[in-house]
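Chains as they are written, first to last, in this note's numbering: chain A, 1 to 331; chain B, 1001 to 1327.
Hint data in this document are derived by calculation from the structure and do not stem from the laboratory.
One thing to keep in mind: the hints can contain errors.
[Unchecked claim] Pairs of lysine-lysine, DSS-like flavour, derived with a Cα cap of 27 Å:
hint, chain 1, residue 1, chain 2, residue 2
1, B, K1275, A, K202
2, B, K1094, B, K1133
3, A, K35, A, K268
4, B, K1275, A, K260
5, A, K249, B, K1011
6, B, K1272, A, K35
7, B, K1273, A, K35
8, A, K318, B, K1272
9, A, K249, B, K1273
10, B, K1257, A, K260
11, B, K1094, B, K1011
12, B, K1275, A, K268
13, B, K1272, A, K268
14, A, K90, A, K130
15, B, K1273, A, K36
16, A, K202, B, K1257
17, B, K1273, A, K202
18, B, K1275, A, K249
19, B, K1273, A, K260
20, B, K1272, A, K260
21, B, K1273, A, K268
22, A, K202, B, K1094
[To be verified] A short list of chain A residues far from chain B (calculated; beta carbon distances all over 12 Å):
hint, residue
23, R16
24, G22
25, A66
As the structure is a computational prediction, the values presented were derived from the model and not from experiment.
For glycine and all other residues, C-beta sits at the position ideal for the given N, C-alpha and C.
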Amino acid sequence: MLSQHSILQVENIATRFRTQEGLVHAVNGISFELKKGELLGVVGESGAGKSVTMMSLLKLLPMPPAEIVSGKATFDGQDLLKLDLEKLRKIRGGKIGFIFQDPMTSLNPVLTIGYQLTEPMREHLGLSRKNARIRAIELLDLVGIPMAKSRINDFPHQFSGGMRQRVMIAIALACDPQILIADEPTTALDVTIQAQILEIVKRLREELGMAIIWITHDLGVVAGMADRVAVMYGGYIVEEAPVNELYAKPKHPYTQDLLKTLPNLEGKRAERLESIKGQPPSLYQVPRSCPFAPRCNRVLERCKHENPVLTSRNNNHKVACWWNPDSALDS
Amino acid sequence: MMEGTNNTLLKVDGLVKHFPITRGIFRRQVGTVKAVDGISFEIKGRETLGLVGESGCGKSTTGRVILQLLEATSGKVFFKDHELTAISRADLRKQRPQMQMIFQDPQDSLNPRMTVGSIISEPMLEHQRLKKKQRQERVEQLLNSVGLDPNVTNRYPHEFSGGQRQRIGIARALSLSPDFIICDEPIAALDVSIQAQVINLLEDLQEEFGLTYLFISHDLSMIRHIANRVAVMYLGRIVELASSQELYSRPVHPYTKALLSAVPLHDPVLEKKRKRTILTGDVPSPADPPSGCHFSTRCPVAEENCFKIAPEWREISSGHNVACHLV
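Please model the entire structure based on the sequences and the hints provided.
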């Protein structure tokens, strides 16, 4: 069921990669919903499946080796995963915009910024060359590029890292997307530049009102930006909750431990950092148990045989864990 | 003999490193990149000095010049009783075992064709005369110290995860029992859940072997955790240096303040209440730094003087140094 406020409904998406070393189970059945105008933060460490999930939605992965095994993604009354390439192309960069981590490798070095900005508008919105150019200058202004009019014919290498990421944001916004997927957009940037970009995104959200999926490994960035947060581990969403709830009352042992490992910038300085023992899971194995079980210090016998599903506990707080100190049944 | 207190292990005095920019077939010099532009500080025995700054500010170059991996343009580096910038290569080589480095990327800093055993024992072959058996024992002992299974000596770096590879890099740095280790962004390439493991290991080893660290990082929260004193660098110069406690609770330089306010806190309630100083513009190129104070072009409170005269490096309270006209 698609609720009224929902703009994107993802159900049970699973993606694998066929490699020489074996089958990589990158995403193992993920479901989530994105509401209109909300910012959903997706956090997790490398290999958790954050990017693969989002790229699967628009089939942005090379197939093969990637293979979308199952899933449904309802957007605009249609299943994105069933669309042919022709129709998908209309949506990519149109109704759904993308920003990638590294602005240097995602901009074409031999084309001007102006060309890269106007191309999607002419393609998706059918604007004339002249009108597209006018809009391109507006967009560069919007993302805070000084003297946009004179910089539109510059090439990517003439911009700094922070400026390039602004250009990427402008390109993603070019066709008035309903959803913006931002994949670690500030990870390659310095903190003072990151602060500038975050400020721009906050402002644009208020002005334009699109829904955003923000992928990051930085729990600090998500805390200040997101309305709701999904925590991923080993190809699963292990916890999902409104942002204040998640940071104040994390319920999954992984989220709890992860928040404890971070050193504070303010307040009391910990004598010693808490650490999570062991390594992130190998994705070569067919997932049967809870992916966090080998590193979990609250592990139960059941965790080693059965994989818990993401279930709602209260106030939209969903957790995939057998350990539940709040429930009378488990005690 | 080196000046300063008895406990000083390393002293850097007016260190400068300029790289020439050359052009054309005659490699005519057309400019200089002022990577490190006159910095001075001391590190006491058994302490950790944190060196923070954004990319391109010269923090890694500083580390390399201290270890004489790059030749200083001018300025002096003293280590114990030796002036490293003045001694002969042969004498420098005798000092090398005491100063080691841990690199950022454990993938790139370990030779993929060497076994873990030979990676860790290579410095011993180079600097010590040990029998094969003694070397083997030492390797196993080191692997134990860094929390790896001593039986992995015949395996290759690619068989290990990022965190484990960083442990191998640490074991190599420890192999000659150094006094001083420069850690150059040792956790930047690691996942959050692994970072704490490596930091705890570095702290344990410091305790166990009485090590002194220069800890280079852009991660302000981690620096606060590990460092006793912190130096903040901007465009080749140190703008503020104080004890960790003092710097994080009472930062005085406008850049330090802005830098601290830019770090996102992992608490949504605090984060929404916070007042941010957002710096405008980008870091200028070190090939063409602003005249006067290097921070003047982005400084929210800069006055006329700041654009003309470089601020003096002075002590404003015990152990708290700053370079700013307005403090």
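Structure-based check of all given hints:
1. B:K1275 / A:K202: Holds: K1275 of chain B and K202 of chain A sit about 15 Å apart, inside 27 Å.
2. B:K1094 / B:K1133: Holds, at about 24 Å.
3. A:K35 / A:K268: violated, 37 Å
4. B:K1275 / A:K260: holds, 25 Å
5. A:K249 / B:K1011: violated, 47 Å
6. B:K1272 / A:K35: holds, 21 Å
7. B:K1273 / A:K35: holds, 25 Å
8. A:K318 / B:K1272: holds, 24 Å
9. A:K249 / B:K1273: holds, 19 Å
10. B:K1257 / A:K260: Satisfied, since the Cα-Cα distance of roughly 25 Å is no more than 27 Å.
11. B:K1094 / B:K1011: It holds: about 19 Å lies between the C-alpha atoms, which stays within 27 Å.
12. B:K1275 / A:K268: holds, 20 Å
13. B:K1272 / A:K268: holds, 20 Å
14. A:K90 / A:K130: holds, 22 Å
15. B:K1273 / A:K36: holds, 25 Å
16. A:K202 / B:K1257: holds, 22 Å
17. B:K1273 / A:K202: holds, 15 Å
18. B:K1275 / A:K249: holds, 25 Å
19. B:K1273 / A:K260: holds, 22 Å
20. B:K1272 / A:K260: holds, 21 Å
21. B:K1273 / A:K268: holds, 19 Å
22. A:K202 / B:K1094: Not OK: K202 of chain A and K1094 of chain B at ~56 Å, beyond 27 Å, violated.
23. R16: holds, 21 Å
24. G22: holds, 16 Å
25. A66: holds, 23 Å
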